[in-house]
Amino acid sequence: MTTNSSRAAGPRHKMVEAGVALLIALFGIVVIIGSVKAGINWGAEGPRAGFFPFYIGIFIVVSSVINLWHALREDNDEPFAEWGQLRQVMSVVVPTAIYVGAMPFTGLYVASVIFIGWFMRWLGKYSWLTVLGVAFGMPIVTYFIFERWFLVPLPKGPLEEWLGL
Amino acid sequence: MEEIVNLFHGFAVALQPFNIMVMLVGIVLGVIIGVLPGLGGANGVAILLPLTFSMPPTSAIIMLSCIYWGALFGGAITSILFNIPGEPWSVATTFDGYPMAQQGKAGEALTAAFTSSFVGALFAVVMITLVAPLVASFALQFGPAEKFAVYFLAFCSFVGLSKEPPFKTIAAMMMGFALAAVGLDSITGQLRLTFGFTEMLNGFDFLIAVIGLFGIGEILITMEEGLSFRGGKAKIDLRVVLQTWKSLPAYWMTSLRSCVIGCWMGITPAGATPASFMSYGIAKRVSKNGNNFGKGEIEGVIAPETAAHAAGTAALLPMLSLGVPGSPTAAVLLGGLLIWGLQPGPMLFVEQKEFVWGLIASMYLGNLFGLIVVLTCVPIFAAILRVPFSIIAPLILVLCAIGAYSVHSSTFDVMLMLVFGVVGYLLKKCNYPLAPLVLAIVLGDKAEEAFRQSLLGSFSNPLVSTIMVLGLIALFWSAIQEGFSRLRTATA
Amino acid sequence: MKRSFWHVALAAVAVFGTSGLASAAWEPVRPVEFIIPAGTGGGADQMARTIQGIVTKHNLMKQPMVVINKSGGAGGEGFLDVKSSAGNPHKIIITLSNLFTTPLATGIPFSWKDLTPVAMLALDEFVLWVNAEKPYTNVKDYIDAVKKAPPGSIKMGGTGSKQEDQIITVAVEKATGTKFTYIPYKGGGEVAVQLVGNHVDSTVNNPIEAVAQWRGGKLRPLCVFDGKPMAYDEPIADGKSWKDIPTCKSQGLDMEYLMLRGIFMSPKATKDQVDYYIELFKKVRATPEWQDFMKSGAFNTTFMTGADYAKWVEAEEKRHEVLMKEAGFLNTGN
Numbered sequence: 002m003t004t005n006s007s008r009a010a011g012p013r014h015k016m017v018e019a020g021v022a023l024l025i026a027l028f029g030i031v032v033i034i035g036s037v038k039a040g041i042n043w044g045a046e047g048p049r050a051g052f053f054p055f056y057i058g059i060f061i062v063v064s065s066v067i068n069l070w071h072a073l074r075e076d077n078d079e080p081f082a083e084w085g086q087l088r089q090v091m092s093v094v095v096p097t098a099i100y101v102g103a104m105p106f107t108g109l110y111v112a113s114v115i116f117i118g119w120f121m122r123w124l125g126k127y128s129w130l131t132v133l134g135v136a137f138g139m140p141i142v143t144y145f146i147f148e149r150w151f152l153v154p155l156p157k158g159p160l161e162e163w164l165g166l
Numbered sequence: 019m020e021e022i023v024n025l026f027h028g029f030a031v032a033l034q035p036f037n038i039m040v041m042l043v044g045i046v047l048g049v050i051i052g053v054l055p056g057l058g059g060a061n062g063v064a065i066l067l068p069l070t071f072s073m074p075p076t077s078a079i080i081m082l083s084c085i086y087w088g089a090l091f092g093g094a095i096t097s098i099l100f101n102i103p104g105e106p107w108s109v110a111t112t113f114d115g116y117p118m119a120q121q122g123k124a125g126e127a128l129t130a131a132f133t134s135s136f137v138g139a140l141f142a143v144v145m146i147t148l149v150a151p152l153v154a155s156f157a158l159q160f161g162p163a164e165k166f167a168v169y170f171l172a173f174c175s176f177v178g179l180s181k182e183p184p185f186k187t188i189a190a191m192m193m194g195f196a197l198a199a200v201g202l203d204s205i206t207g208q209l210r211l212t213f214g215f216t217e218m219l220n221g222f223d224f225l226i227a228v229i230g231l232f233g234i235g236e237i238l239i240t241m242e243e244g245l246s247f248r249g250g251k252a253k254i255d256l257r258v259v260l261q262t263w264k265s266l267p268a269y270w271m272t273s274l275r276s277c278v279i280g281c282w283m284g285i286t287p288a289g290a291t292p293a294s295f296m297s298y299g300i301a302k303r304v305s306k307n308g309n310n311f312g313k314g315e316i317e318g319v320i321a322p323e324t325a326a327h328a329a330g331t332a333a334l335l336p337m338l339s340l341g342v343p344g345s346p347t348a349a350v351l352l353g354g355l356l357i358w359g360l361q362p363g364p365m366l367f368v369e370q371k372e373f374v375w376g377l378i379a380s381m382y383l384g385n386l387f388g389l390i391v392v393l394t395c396v397p398i399f400a401a402i403l404r405v406p407f408s409i410i411a412p413l414i415l416v417l418c419a420i421g422a423y424s425v426h427s428s429t430f431d432v433m434l435m436l437v438f439g440v441v442g443y444l445l446k447k448c449n450y451p452l453a454p455l456v457l458a459i460v461l462g463d464k465a466e467e468a469f470r471q472s473l474l475g476s477f478s479n480p481l482v483s484t485i486m487v488l489g490l491i492a493l494f495w496s497a498i499q500e501g502f503s504r505l506r507t508a509t510a
Numbered sequence: 002m003k004r005s006f007w008h009v010a011l012a013a014v015a016v017f018g019t020s021g022l023a024s025a026a027w028e029p030v031r032p033v034e035f036i037i038p039a040g041t042g043g044g045a046d047q048m049a050r051t052i053q054g055i056v057t058k059h060n061l062m063k064q065p066m067v068v069i070n071k072s073g074g075a076g077g078e079g080f081l082d083v084k085s086s087a088g089n090p091h092k093i094i095i096t097l098s099n100l101f102t103t104p105l106a107t108g109i110p111f112s113w114k115d116l117t118p119v120a121m122l123a124l125d126e127f128v129l130w131v132n133a134e135k136p137y138t139n140v141k142d143y144i145d146a147v148k149k150a151p152p153g154s155i156k157m158g159g160t161g162s163k164q165e166d167q168i169i170t171v172a173v174e175k176a177t178g179t180k181f182t183y184i185p186y187k188g189g190g191e192v193a194v195q196l197v198g199n200h201v202d203s204t205v206n207n208p209i210e211a212v213a214q215w216r217g218g219k220l221r222p223l224c225v226f227d228g229k230p231m232a233y234d235e236p237i238a239d240g241k242s243w244k245d246i247p248t249c250k251s252q253g254l255d256m257e258y259l260m261l262r263g264i265f266m267s268p269k270a271t272k273d274q275v276d277y278y279i280e281l282f283k284k285v286r287a288t289p290e291w292q293d294f295m296k297s298g299a300f301n302t303t304f305m306t307g308a309d310y311a312k313w314v315e316a317e318e319k320r321h322e323v324l325m326k327e328a329g330f331l332n333t334g335n
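Heads up: the protein sequence lines correspond to chains R, L and P, in order. Under my numbering, think of the first position of the first sequence as 2, with each following residue one higher. Under my numbering, think of the first position of the second sequence as 19, with each following residue one higher. Under my numbering, think of the first position of the third sequence as 2, with each following residue one higher.
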């Protein structure tokens, strides 16, 4: 697939829809397995822990099979989104994933400074001065509001340990 | 008559200069707490509780209840501006509030939300003033079966028929129920659906799901449409407040209905969340602009906000007269009362008159002050939307991460939030409704618990049957309405 | 008069405390996290927040104390968090009976031996309550009525499932040869109100959860599940005080149960660190606010530290294992 073709370049809506329905069905199956493990029959004190989730799981699977069938039957050949648009979306998802993944190791503050800085510099193309101002300003303000005023501890990494915060 | 005298005495207590100052501080702190996801009203009150021990009990409870009001007001701000509800009961506010903001009507939406909150709270306070003892005995009627019936009613009046394909609605709602079931089953005391992961012990908190599905999902959709935040053209002067006020009296019926729903749900004590969903659902069905709901209809902001605040306020009554908290925030306040040596319960109204009426008077004044404070800030809030997207987006993402983390102090939840964000983006693009999913997460386990408690005890009685029938009527309202109109055309 | 006495006592303790501190080598250098393995508004939560308030008000600690609720998995979340913070002396936890019941009932992997015992602050009593409209004025009347009713038609309300309230219920059933239907609720206050509304027939609420309804004339205490009557003789309702409630044993209901309200800290704590917290809680116990709190909840104020405390906890763990095994509450593994 080339990106410079017509406006319709991108994954088909139909396919994405079918994929989502399948994922939901899979989720339903996981729920059913988990419920069976917890016990789905009717015990001495009424229904056991897995009784309701089991039927919820069945509902999920059945309705997603119907949704899947609807999706595949549809003639609609519209694109889900253009590749360019999806790239935009990924340009947020990927850095956010890295940000979130790094948080347990670096702590919230260091990760946030880098994340905000990256976002503003690469997507917003702001001058370094503005970038650094916001990137450092926001976590510092956060520190005072959350940790100092409201005593909500946020995740900290080696830097905070070293600073003794 | 005695109540009125007591109330005026209460005003005298609340209007002491120290108490007025305490009230203002409380409101401002409350708004900050409401705006920042991650600082809910409950932790705000809990964290500040120790600081209030050095004050007299009446001043302390005035400050804490003002934090509570402020947080209620503040919760609407992020819902409208960024589609991120900070509290469960602001979820329904996003449905029309956020579209309004996108259309450049953030100022109108905020004004409507704040004013409705005030109206709802005022209605509930008047009710508390006049009929407190009556209400307390009504609340005692509510056992598990009655509670289940109320949850059932909330679901029915909200779900009904929606634009989305019915099986997508069912799939979404059932996913919500399944997520709500994860963790400890409170009836058998057994773990379920955790698959041995200790991270799953807590289950899926509503806040994490909602920050992801609504907040992050929305940012992803905005990214797809290009790097811009719509709504930048929102008016940012105070005239918008007056203009909106002119249009509000037209919706008096919606307000009144929402007030009644809110008070009823607050006392039962099902709480503010079902109240806001129910009120929104019913307004959508009854209003002549019903089809416009979800696209930025001001009535869709008025209905949930009024009901949520009426319920939030009315919930304080069972707390004072029975000692049962109607919300997590109320639970913390209750703990505070005990620490000050005040025992909530039937005797509080008799033995601690000054305290009780001081608190009730502060509800009037606190709400009024709160309204003035937040309304003057409407232009400032609306101006936030003018900040360029590439600055505000990372800041929102970081705040979302903090919000998700602070629910259980767990970085696992932050990852979960991102997963919910991507899922929310996909679901929204595929036309799955997100609101039933969130409603199911919030109420699912409570409804199941009440249902199974009633299985253990007894089930049917007139109150339960009445509420259930109301629920069924709400569920099939569109069909009934259609039947009526057909009947009418047939006879004509 | 009484106040001033406590002020003197407090000052004395404060002086004693500071001199104690001077010799102690350790002191917190960061905010101390105080974990509550239960939700907001419950008994443990109230106690922890009272302690936080006292520490703040009397300036007993240089660093702030931060209270965090970690109630997931019947408190398992909180215990696992402390268990995994070995060597972090800035984390303490308040425990209730779920220290024993949660691992046994759910299989969540922790035990009190994973934590460092600090001190027992108090023991919480359990009282058998009925609605004041009902004709039963003593245990015998009530048990006779339960025996007469068809098995399982009498409803006992309690907090949580397979936890202390249900353990007591099962023990009462065993002792009297009756059968209740146990209905679990989320919190103790809710249970008491359900009893007032006649949605259940009796409860085993802690004193603090039901006292307001007792004073309001809505509930009636029948007996206390302790070896001796409670110590507080100030009249509460109808001229009766906590002290006037007979023990269940004296009424022919042979069951004793007290719930631990104690403090543990993270694993691998040094002796200095444990001593610091023991001193801190000694100071907390000497304040008038704490005394008032104990009185309002009719707590048993036994205080233990060190080896005594560990021995008590160990015995109590064995006892819970037996009680829960008999009741069939042990996790069967899934």
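These are computed hints drawn from the structure, not numbers from a lab. Owing to the predicted nature of the structure, the values given are computational and were not obtained by experimental measurement. We put the CB at the ideal spot given by N, CA and C, even for glycine. Hints should not be assumed to be uniformly reliable.
As the list claims (entries may be wrong) - Simulated restraints on C-beta separations: (1) L:Val405 with P:Gly218: 58 to 68 Å; (2) P:Ser154 with L:Pro267: 47 to 57 Å; (3) P:Gly218 with L:Lys371: 36 to 46 Å; (4) P:Thr303 with L:Pro151: 53 to 63 Å; (5) P:Lys141 with L:Pro151: 34 to 44 Å; (6) P:Lys175 with R:Val37: 28 to 38 Å; (7) P:Ser85 with R:Val95: 28 to 38 Å; (8) R:Gly102 with L:Phe36: 48 to 58 Å.
Structure-based check of each hint:
no. : hint                               : verdict
1   : L:Val405 with P:Gly218: 58 to 68 Å : 59 Å, holds
2   : P:Ser154 with L:Pro267: 47 to 57 Å : 55 Å, holds
3   : P:Gly218 with L:Lys371: 36 to 46 Å : 19 Å, violated
4   : P:Thr303 with L:Pro151: 53 to 63 Å : 41 Å, violated
5   : P:Lys141 with L:Pro151: 34 to 44 Å : 35 Å, holds
6   : P:Lys175 with R:Val37: 28 to 38 Å  : 33 Å, holds
7   : P:Ser85 with R:Val95: 28 to 38 Å   : 30 Å, holds
8   : R:Gly102 with L:Phe36: 48 to 58 Å  : 50 Å, holds
In the structure shown, a violation is registered for the earlier hints numbered 3, 4, in ascending order.
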